[in-house]
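Read off the chains here:
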Amino acid sequence: MPTIIVKDLSISYKAPVREARLSSAFVSLIRRQYREIKAVQGLSFEIDAGEIVGFIGPNGAGKTSTLKMLSGILHPTGGEASVLGFVPWRRERSFLKEIAMIRGSQPIGGPVELTVLDALHFQQLIYEVSDDAFQKNLSELTEMLELGPLLRRQVRALSLGERMRAGLALSLLYRPRVLFLDEPTLGLDVTATGMMRRFIANYCLQTGATILLTSHYMADVETLCKKVILIDKGSMRYNGPLITLSTTLSPYKLLKVTVFDQASPVWSSYGEVVELEDNKVSLRIHREQTPAVTARLLAELPVVDLSVEDPPLESVIDQIYKGERV
Amino acid sequence: MHLLRLLAVSIKRQFLEWMGWRAFLITLVVNQTVAPLLGLAVWSVALPGSTQIPTYYMALLIVQLMTVSYEQHTFSNGLYDGTLSHELLKPQPVVIGLLGTNIAARLLHVLIGLPIILIVGAITSISFAPVAPRFIVGVLLAIPAVLLAAILRFLFMYLLALSAFWTERAHGVAGFGETLAFLLGGSAAPIPLFPQSIRPLGELLPFRYMLGFPAEIASGSLNEVLQGYGYQVCWIGVFALAAIFAWRAGLRRFMAVGG
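Those protein sequences? They're chains G and D, same order as listed. The opening residue of the first sequence carries number 4 in the working numbering; numbering runs sequentially from there. The opening residue of the second sequence carries number 64 in the working numbering; numbering runs sequentially from there.
Treat the hints loosely; a few may be bogus.
[Unchecked claim] Okay, derived cross-link-like pairs now, SDA-like style, lysine to any residue, Cα gap no bigger than 20 Å in a straight line:
| no. | chain 1 | residue 1 | chain 2 | residue 2 |
| --- | --- | --- | --- | --- |
| 1 | G | K229 | G | V262 |
| 2 | G | K139 | G | L208 |
| 3 | D | K153 | G | K283 |
| 4 | G | K17 | D | F257 |
| 5 | G | K259 | G | K229 |
| 6 | D | K153 | G | K229 |
| 7 | D | K153 | G | G88 |
| 8 | G | K17 | D | K153 |
| 9 | G | K283 | G | T250 |
| 10 | G | K41 | D | L152 |
| 11 | D | K153 | D | L67 |
| 12 | G | K100 | D | K153 |
| 13 | G | K100 | D | E231 |
Hints listed in this document are in silico derivations from the structure and should not be mistaken for laboratory results.
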């Protein structure tokens, strides 16, 4: 049975709206007008145990709302969801002890005057972690997240990267079986980002945890996730292997051609020129036309090098986000 | 038992947290002492030679520090800045964390306020000797009243703080509540000194039972103590039910529109 099952999940809410004029402001005092925002609409997917799934989409697509519904913070307006067999928004104690949600924008909640070690001890008591398990988990987390120098420091004095490491340690101390990671590498430098990615992959490998990860950094998704779910404006656009995302969503291939210096072909007669530099060109060609165009290029031009590639994931996603053709 | 253990954890955690705000705590304590000390000064001038007034305001000062509540900050701000989400993810009722914060703050208020209490006691030369047996009885009877007042004041402030689910201005709502408690709770004037026309109102409303009532008992007004306990229990029931209702409605709203 899949760890996470989502069926027709929807959430919408009313946002107050009014015109910009002073008279409208007065009118809104008496009669408020609302607009219905459909944050998530009819979302359905399943995630098996031990999977790391990338949950991607542009700003306002409904990613965080979905994570909040699956972690029990938000109540949907429609549909069903099951996480580890629990209905998340009932917020049963046994459910909350099995999940963690970590937000890159706010990795640690609660008292900030405590030291990291104090906070970990309190987490042990709240989640009823035995002393043996606490010591074992703490030493593993300390090693993997390089927490040693942070343990005696107050939470409020930590940098963003340090907060994220401490936040992960606090959330993973009780070994949750499902992790919801919302932009875990937000604002981190290259080193901290690398460490975070390695850590997430190791945690999943060691514990068999299921992870649903949102990130605007495609490198996070490419490094960690074999499967992705792409949503836009609250609705599903793609759900499947990362490797076929470009193929599915982009009807184009990228042809990179290098010719002898002397040649000066009219590149636009072969396809849409994406990039041109001296005797090298990148052409965007419709998938079905790729074999024919490749044959023409080889027949008509002094080709030195030629490669056929899927467009980079980053640019496919960028175009989807912009609502352009892919 | 499990909830009590969680509450103990929360108190300890928040005690450590508040300890990190020493300077801020001192200003909070001083701020809490202003109203009783002002009342003491005004009424000592108005009723010179009264032995009950200094004892009443001294007791009120202690009650004020023992029942202090800042839920408009601890809860409402958490809702505004999104940290309530963290609390909702914890496998414990959200109110446990708030109670822990409240009790820890009260313990520290009493601890830091102790020198002020001693100094005021020395300056006003309160003498309990002539009424010692009555005083001891008064203090013993005041203890349950203080405990009930502590619960009542927490529930009152918590209820006002829950307005944060519906408004961005919960501090204004709570500030209005605090003003009512000052005017009608026995700080501005002891309820027995209220004009005859509005005294029944003061005796009926919940504010007296948050502040003035325990202080009245401790200063020797031992009439109708049981009736006062009864009022306290009734108001606790009313505010507890209102808080449960408001929490559920507010949480439904929060879970519907997000934090």
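Structure-based check of all given hints:
1. Among the hinted pairs, K229(G) with V262(G) is inconsistent with the structure: their alpha-carbon atoms are about 36 Å apart, more than 20 Å.
2. For the proposed pair K139(G) and L208(G), the alpha carbon gap of about 17 Å is at most 20 Å, so the pair holds.
3. This hinted pair does not check out: K153(D) and K283(G) have alpha carbons roughly 57 Å apart, beyond 20 Å.
4. Restraint check for K17(G) and F257(D): not satisfied, since their Cα atoms lie roughly 48 Å apart, outside the 20 Å limit.
5. For the proposed pair K259(G) and K229(G), the alpha carbon gap of about 27 Å is over 20 Å, so the pair is violated.
6. Proximity of K153(D) to K229(G) is assessed by CA-CA distance (about 30 Å); at most 20 Å being required, the pair is judged violated.
7. For the hint pairing K153(D) with G88(G), the CA-to-CA distance comes to about 19 Å; that is within 20 Å, so the pair holds.
8. Between the alpha carbons of K17(G) and K153(D) the distance comes to roughly 28 Å, so the proposed pair goes past 20 Å and is violated.
9. Our distance criterion of 20 Å between C-alpha atoms is broken by K283(G) and T250(G), whose separation comes to about 24 Å.
10. The hinted pair formed by K41(G) and L152(D) fails the criterion: a straight-line CA distance of about 24 Å is larger than 20 Å.
11. Between K153(D) and L67(D) the CA atoms are separated by roughly 16 Å; this keeps the pair inside 20 Å, and the hint holds.
12. With a C-alpha separation of about 8 Å, the suggested pair K100(G) and K153(D) falls inside the 20 Å cut-off, and the hint holds.
13. Of the supplied pair hints, the one linking K100(G) and E231(D) is violated, its CA atoms being roughly 32 Å apart against a limit of 20 Å.
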